[in-house]
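Both chains are given apart, each in its own frame, so use the hints to dock them into the complex.
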Amino acid sequence: MLKEYRSLLPYLRKYRWHYAAGITADILVDGGNILMPQFIKHAIDLVATGEPDFKALLATLLWMVALATAIAAGRFLWRYFIHGSSRRIETEMRDKLFSKLMDFSGDYFRKNKTGDLMARATNDMGAIRQATGMGFITFIDGVFMSTGILIVMVASAPQTALLTAIPLPLVTVLIIMFGSLVGPRFKLVQEIYSRLSEIAQETMAGIRVVKAFVREERFASLFAKTNDQYRDASMSLVRVFGFFFPFIAFLSGLTTVILLFAGGGAVIENRMTPGEIVAMLAYLEMLIWPMMGAGFTVNTLQRGAASLQRVNEVLQAEPGIVSIPGASREAPRGDLEFRGLTFSYEGAASPALHDISLVLPRGLTLGILGRVGSGKSTLLRLMPRLLEPERGMILVGGLDVRDRDLHALRAAFGYVPQDSFLFSATVAENVRFARPDLDQQRFERIVAISTIDRDVAGFPALWETKVGEKGLTLSGGQKQRVAISRALAVDPEILVLDDALSAVDAETEDRILSALLEDRRGRTNVIVSHRVSTLRNADLIVVLEEGTIVQRGSHAELLAEPEGFYAEIARLQELESLLGHPSSTKGGEGSV
Amino acid sequence: MSDFFESDAITKGYDAGISRRIFNYIRPYKALVAATALALLVGTAGELVLPIVVRSIVDRALMPSWRTVGTAAEPAPEAKDLHLAGDEPRVGGSFVIPTARIAALTARDRAALEARGLIDALDWYYCDLSTLGEPGRAVVAQRSALFLLEGRHAIILSRDLKTLTPAEARSLRSSDLALVSSLSFLLLAVLLVVLCCAFVQTFASSLIGQRIMKDLRMEIFRHASTRSLAFLSRQPVGRLVTRMTSDVETINQFFTDVIVAFLKDAALMVGVLIVLLSMDVRLALVALATLPPVLIVTLISRGKARDAFRRQRQWVSKVNSYIAERLSGISVVQLFIREEASRREFEAHDRELLGASLGEMYVFATFRPLVDLFANISVAVVLWYGASLLSLQILSLGTLIAFVNLIRMFYAPVMDISEKYTLLQSAMAGGERVFALLDETERVPDSPKVAMPSSIRGHIEFDRVSFAYKEGEWILRDLSFSVEPGEMVAIVGPTGAGKTTIANLITRLWDIQRGSIRIDGYDLRQLPLDGLRKAVQPVLQDVFLFSGSIEENIRLGDEVTVDRMRAASAAVHADEFIDRMPGGFAEVLSEGAANISQGQRQLLSFARVLAHEPSIIILDEATSSIDTETEQLVQRGLEALLAGRTSVVIAHRLSTIRHANRILVLAEGAVAESGTHEELLQLRGLYWNLYRLQYGGDVGLREAGS
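Heads up: the protein sequence lines correspond to chains Y and P, in order. Sequential numbering from 1 applies to the first sequence in our numbering. Sequential numbering from 593 applies to the second sequence in our numbering.
Isolated chain P (complex conformation) (with noise of 0.2 Å):
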């Protein structure tokens, strides 16, 4: 539910720093970016040689057209661009050439060999006798009235091919009917590369997408459990899991939906704008006549999006946190009476979202429907450009059918470039997010200055100790003890005089300003951390379990071997419970571990600390009240758990105390007295007093006198 109140920045704009952090993950993926990059650049080129493939199907087979041009135009001067050899078809005084040749032609050279009656602009079909099949010869012997023939050569004119019947067509035009397959087939052939390559494309680019995931989610993960406590313990953890799960996703969008997207509609783009120019330069540049209203449309409704994004974003996060809210104090709502009142506010915040919402749509709505207009539009203007230019013969059908559809294809991408623009935005607001907080140095110094004693004997000193949580606060004031290897001291004291800290410092979880902690005379800090965290172990107050079995619960890994955990769980008295439970060892613990008492829980943690063998032993025992059974449970497993080690205790209990060697009484962060409980309570001082209270009536606040 915390994620319901998060306020953080939704969006961000474009920022050239965060990007180039994120781009650096890319690095170690160079094989699986080759693949991407390779994969797209195919099925791009792909995508784009299929309307050139329809276009030879058009001008190759269905509409081949031919021209006939005088004899005598081939030493003329104008007839140079014609390129003719002189070993074309003739037929009756005229070469036949396929008309795409006439395009070469010059304006005025065509004019005058148009005024010189040596081309015109009849549009013939040519067919070469020696090839045709049989069947085709037939058609030709039948119909002869309507060919013009000479040799092995036959034209004739395209609109009286209109005329055959389906039968004659199809077998005079036979050849044009295999090359109908034979570009079918390729056009096959291409679709099935275009479908490999989008399906490669998108797995790489997508296995990219999660390693860069795992990368980022480790390092924030090793990162953010190695600061100091200080620093976590500032950071609420709903904050740190968001930053591991949620804003790495949106990075991963980042790279999967918007740079992928990107270079496959910038590669697509570009392509198509090569094959437009390529095929004609003038009907390219009149394609493109839209292209400036687009691009300022498109600029406008990005800068709208945005706007409208952002804002529909912060109404529903004000929804969502007005809804938790109200729910949350639903019993203060109702006993103020305030449910009418706080109907009407979430109307209007409601109203507000919806407001916002419909602005967004109406951004999207607007949008897509005009550039879809801008798109027919162009394919208008260049039908119209187009048809002037083919009757000028120097446009083929082909060329005009497919810059049709390649307007279509170049438009495409343009529609949902704003959506885009918004996923780049969280991903920004991600990134830096993330980015902030693995720019966060905090943590505990570990630079030892020693190498770690290979047995650590367990004498502890506290020399003039100051600290603080919070600059300015003293905790410990100038606090010096100490404790002899195998010695047990009990710390007591009233809430808030330090005795928690006192665990906190040992195990170096937070460090001192001023003074030293000392373990066999080595200062904490000159330890190396982790040696000195093996060494010495605490037994926290706030048992925490991990969901997951008894056994790793303990074992925590597999350092312990199952023979010391089950031999520390005997120690501790643990394994009675645990064998009485159907999994034994095995038996999971549920969420929060609710399934065992809170006795168990400790012995748990007793059991636990128990299987690491360390050297020293800080305990901070439960302040809550348990029962007289729990309290000889636990009892007997602390025993077994202290028995031989340097301890420190934070003692509530009285059994605890009297076990001890020495008791330290703490108030206001330092020693107030110090000694056995005899000598203590013949003080007459603090320790007496709280004796008395605590232990010495019959109806004791904690029923620890038995």
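So here's chain Y without its partners, still in its complex pose (with noise of 0.2 Å):
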């Protein structure tokens, strides 16, 4: 536990004069507060003559006010430092871990789930916070208090204050007992909750199937009863808190009845004043938190720590794909080439690419066909360095590509992805994602090419109009072409369409292309389409077939191999534009 909190020593030492004023100002007000009975005990004493000195009692209350104040003056600063410092680091450390998270490659967001790691940048910095603020606090509260009291209270009754505190420590005892009761109640609430919501999941996802076979009756039976099952974990929880909690004030309570029938003696046999009774009940209650503190500081530390370990796995990790010392800085142009590419994803049987040799002159285009799973998407996804090979290599300008910075790399490439991911901002945001100051004219250009500039002028916002947002969401040739218009931005040396006019008509691509082509040239391009129309201006064009080049050459010289894949398909799409459904458009129907 102590070698992960080593990991925090930065940032308590960053924080350690707020810490130092917060702890300073927690053990004055617990001095404060183990002080205020006193001033209760004397006024009281003083009341108890029967014959009062009127001016000693207003000297002692207005005291008693005084101190009242700077308590809370002094909750306030503790609550400002610590609280403060502990939010403070929660937000250095998740800053710190979204830092680390935006450099690892795609292999790392494959064994690490996107859940999980919210998790930790959420729940986990959220039990840091506790551990570094509340958990703190209370560990330096019990501390403080309990042995202030205890000594406040031996030194004016020894006897009385010793019996009293018998129970005590058994709060103590309780609270970590507590802990470990319910630990495993609350993890089976936790694991019923879950399976509900995944029962709930289920029927939602799976309503068709339960509708046609009727079935609604028996889901729900079985909702109920995971319900029942929910209820009663529930409530064994509520059994060992509604015991607990009022078991501890039973034990507080406890406390008081042996100071009254100890105490009481000792003020009857004139050991003790009836005001140190009163000061003693409200040491008493004020003793309960810290002894309940000391448990949850227990358990608060250990979360912490389980917490701290998790978020440090992530900032301790190796972020896989990085630019070699010494790598090249200019700007990659030139020739696009594969020399004997191979590669295999983690796990996989086969290779998704196997011996891949091609080169692209600078300025032609390159067009790739083939089926889902044939690799396509990965080979482009080799040249901006978001895969590394396995064999082989790409070069660009006759550098391999891992010679080269990977900054200097990447801003040579223009990229549209396959699913054409956008960010929740308005589509100007998108359209300048990588170049938030281009031009006007230039930016106009580019949603020209696109055609996205049509379709904005009829939305509420209009370049304002937010993505992704409740009431508007593009659809997804929108989408794509918003994506088209992003990676023009940059201007690339190459620019890289995965299947990125899937979703729009055969006639805006037509015009999509030959806009696009015209703005590109003499620069690279990498076209991957299902679409012959799309392919056919290419300058070469392959066809991949699990993982190798089967075909290659110019759209006629493909056309005119008839046993071909390319030339299959091509007669394919012809008939299905002669039906007037070409299969691009929308699914529609096969969606529900």
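Check each hint, because a few of them may be wrong.
Claimed, not checked - Calculated cross-link-like contacts (lysine to aspartate or glutamate; reagent style EDC-like; alpha-carbon spacing at most 16 Å): (1) Lys806/P with Asp232/Y; (2) Lys754/P with Asp232/Y; (3) Lys910/P with Asp453/Y; (4) Lys754/P with Glu811/P; (5) Lys754/P with Asp453/Y; (6) Lys806/P with Asp107/Y; (7) Lys1126/P with Glu217/Y; (8) Lys672/P with Glu706/P; (9) Lys100/Y with Glu931/P; (10) Lys225/Y with Asp807/P; (11) Lys225/Y with Glu811/P; (12) Lys100/Y with Asp715/P; (13) Lys100/Y with Glu429/Y; (14) Lys96/Y with Asp107/Y; (15) Lys3/Y with Glu313/Y; (16) Lys96/Y with Asp752/P; (17) Lys1126/P with Asp453/Y; (18) Lys96/Y with Glu1024/P; (19) Lys96/Y with Glu939/P; (20) Lys479/Y with Asp405/Y.
Since the hints were made in silico from the structure, they are not lab data.
Here's what the structure looks like:
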């Protein structure tokens, strides 16, 4: 546990003055709290004489109010310093975590689910905050309050104090026990809760089957049964909660009983004053909190250590793909070449790409055709080093991409990914994603090329329309065209379109392609498509099958191979357009 | 992960309509509510009794005091409030009465009596020698100089009492010591009652909360599962699940944390007020003098806490969705070298979140110490004013001590009132979402005009059917065709022609806008929905398997016997692979049923349908290409499934089409060609073209020509 907390040292050092001030304020508050019953005691003893010295009483009471004000101020201050620091530490750690995540390669995200990484950035950060804030303060409180109060009590009436304090250590023991009793019960409740969501999730996802077989009632009864289990598990947790906290209150009350029984005798026997009894009553009430706090501190610190470990795991992981020392920062220009390129995904039985060799002179357009899973996207992702080849290499301008600075390399690419991922920002912000300072003239040009400008003209807030928010979600074709404009904004040396026009109708596609190729004249394009109408514009077309190139040539050359896959697809697509239902238009009915 | 993108409102102000609807769910649990209320009242009363018992111990056992009243006062009119009966202990020409009785005098009467020397301000301790034990009498005898004696009565000045040695005091005050023990036991008993009540109250109120959650969840579940597919297909599954799970949980919190706590706090505060006022009205009013500023501070902080809470929650969800989004789009970020820009943007968001969190913290960091300060000021004021009352003998020390304790008790609930308020807001927002779903009335109307015929022959007729998923976008246009009982009709056509739609319509997953669909002459809308769906079974393209065993997935409950399940599995040849599984029919399918192949999934769904013995089968063949071996496996199963039943097959495989009695070629929502395979080939139209392209070549997209 200590090992994990060592990683907090730089943060604690940074906020050491805050912590020092917070601890000082807290200790002063504790001291004030211990002092307060003394004033009350003094006041009551003054009153109990029957003929109080009003001047002395007034002085005492004024001191009491002054002390109360100081306590209030101190309470604010320790919260300000300690909670403030813990939240700042949380923020800084989350910044660091996020920053680290930005550098990981795709590999890392395949191994670590986004949901899990999210949990580290949220829940775990919360637990760390608890440990560096509340856990910290309860620890300090526990130490100072309990020792302070015990000293004062023992000093004023040793016998009574010691008798009275008997049930108190039991509170700490109970709280720690409570943790171990609650732990497994809480876990069970959580498990049943997630089973409950699973059943709901599954029933709603499979609602067509449920309805088709008229099984609504069966699933409802399954859901009802799990609900009952949830209730039982929760109630077993409630039994612990419902007993523990009242029981702690009972123990606290028990100390009062002991005090009155033993202390009452002492007063009768003139060994104690009534004021002392009242003061001790107040002290006992105060002691309960640190005694409970001691137990909670143990739990909080344990949870914090577990969370720190999970966060540190991310912070200490290797980022995967990085620039090598002395990499060329020069902007890549020139021919694109694949040389004996082989790549396998981890755990896959056969390589995704096998021995791909190909030269594309600068300024030409490469078209790639292939079935799902033939390795097209993998090939594209290797170029800007989103993946690293297993064997062979990719060269741009005669230099291995791995010998180039990663940022310099990627800056040469304009990439339109298959899923045309957009961020939830405005349409304009998405187009300007890589070039926030893009001049208006160029902006208008690139949105005209993708023809997204025509669509945007009809949007409620025009370019300021939010993407992906409720109300207006862009259609697949619109998303693809925004993504194309986004890639064109960087005016890249190499433009990569990964099936980027699949959701656009044939007529629009034609228009986009001709404008795009016009704009791109003299620079390199790589276009993956399953549509022959897209590919026929390419200077060189390759057909991929199971990770190898099975056909290569121009559109005309490939059509001249009637047995080939390319010609086959061309014929089929011709027929579909004949029927007036190109397979590219939105899938409509099938998706329901 | 969808949760992180959820942008539902997090909080909502108090809404009487919503809380009334929430309260309706308590109704069935009157007994539990009564138990909760009783436990709450008794428990609160017990908590209030505690300081009263403490007061009794102080006043009656620790600090009992008596005053002397000259016997001459008995007939005096000023002394009438003392209600002297004449039988009071009489010592040295004075009656001895408990000090508390002096408090009954008005200030004027008291001054008059003091002026006549009949009363003074000296506290005495009284003991009755006849009831005092032997050691006590010995003390009186030994220290006779301190006592005034007359007959069996003895009094000693309180300040002299304090000079006695512990042993002497113990002997003299044995009755006080006995009272201390008996009152201590009473205190212990009250503590035990409070303990039991607290347990019962927590248990009963949690049970109510749990039962209400179940009721609500079941209602939402039943409600959602009976909505039409048109409605359900518009709802992300995650959203429906959230309604049933976490939104219901916020409503439960409303019960267990807000309502119960509120009642408890209110009962306690009212109880404290009553006790304070009954103990001493003047002092109570003084003690409450700090209440107005506390109320003002509470109101201000409630408003601030609400804003701060809302702002904090907003930024939490913004930061979370920012992380989730950047992680999902990490490759886009890296491709466009926006890592640094994203970091900066994230840090800006995170700073905003920090600011919001700190803002929330400041509210609580100010509010609680302030309330505590007011409580302390209250105590000081009470002590000051109490001291003057006490010096006038109109207040006992025990009462003053009780006040000090009660004031703290009074202010404690105020401390976390703001937290309760934020919980209330979440519950209101959750309730609003839940009730919005429950108010959704969209469902396929089920108002049968005729009883379900005992057996369906299987005649299907589409009569000028038009249908659109979205208004104006017609998928089917004036479609008419019929299928004879026992006939197998294949529907072919390009994507988007409306083939899958036909399957959805026959089972009334959707209702048509124009025309009529009839089975055995009955319009679908006249038949009971469940009867229809049992008679007509779709075999869906995307096989949905539930997590659970193979057996559970075929039987879907107990309606299908184990024998029928086995027979159906054998008929479609699914038993061959099921028997090879380590668990056989009991084999549990993992998430997404990854442990069986695509073809095996198909066979399971065939077995499922066959086991349910429908009259009509609607089959939507999978479009995805499958290997030859699977193809053969599925084909054998299919033949068994369709034998002797009316079936409509949305066909993608040549073998299926060839087996069909009739083929309908669909284009743009209407039947373009119809006939047997041979007839259609002779037409040399659409079908011929499709057939030639898909199945004619050697390298066909689907290697189905085997």
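When the structure is checked against the list of hints, which entries are broken? Sort them ascending.
2, 3, 4, 5, 6, 12, 13, 14, 16, 17, 18, 20
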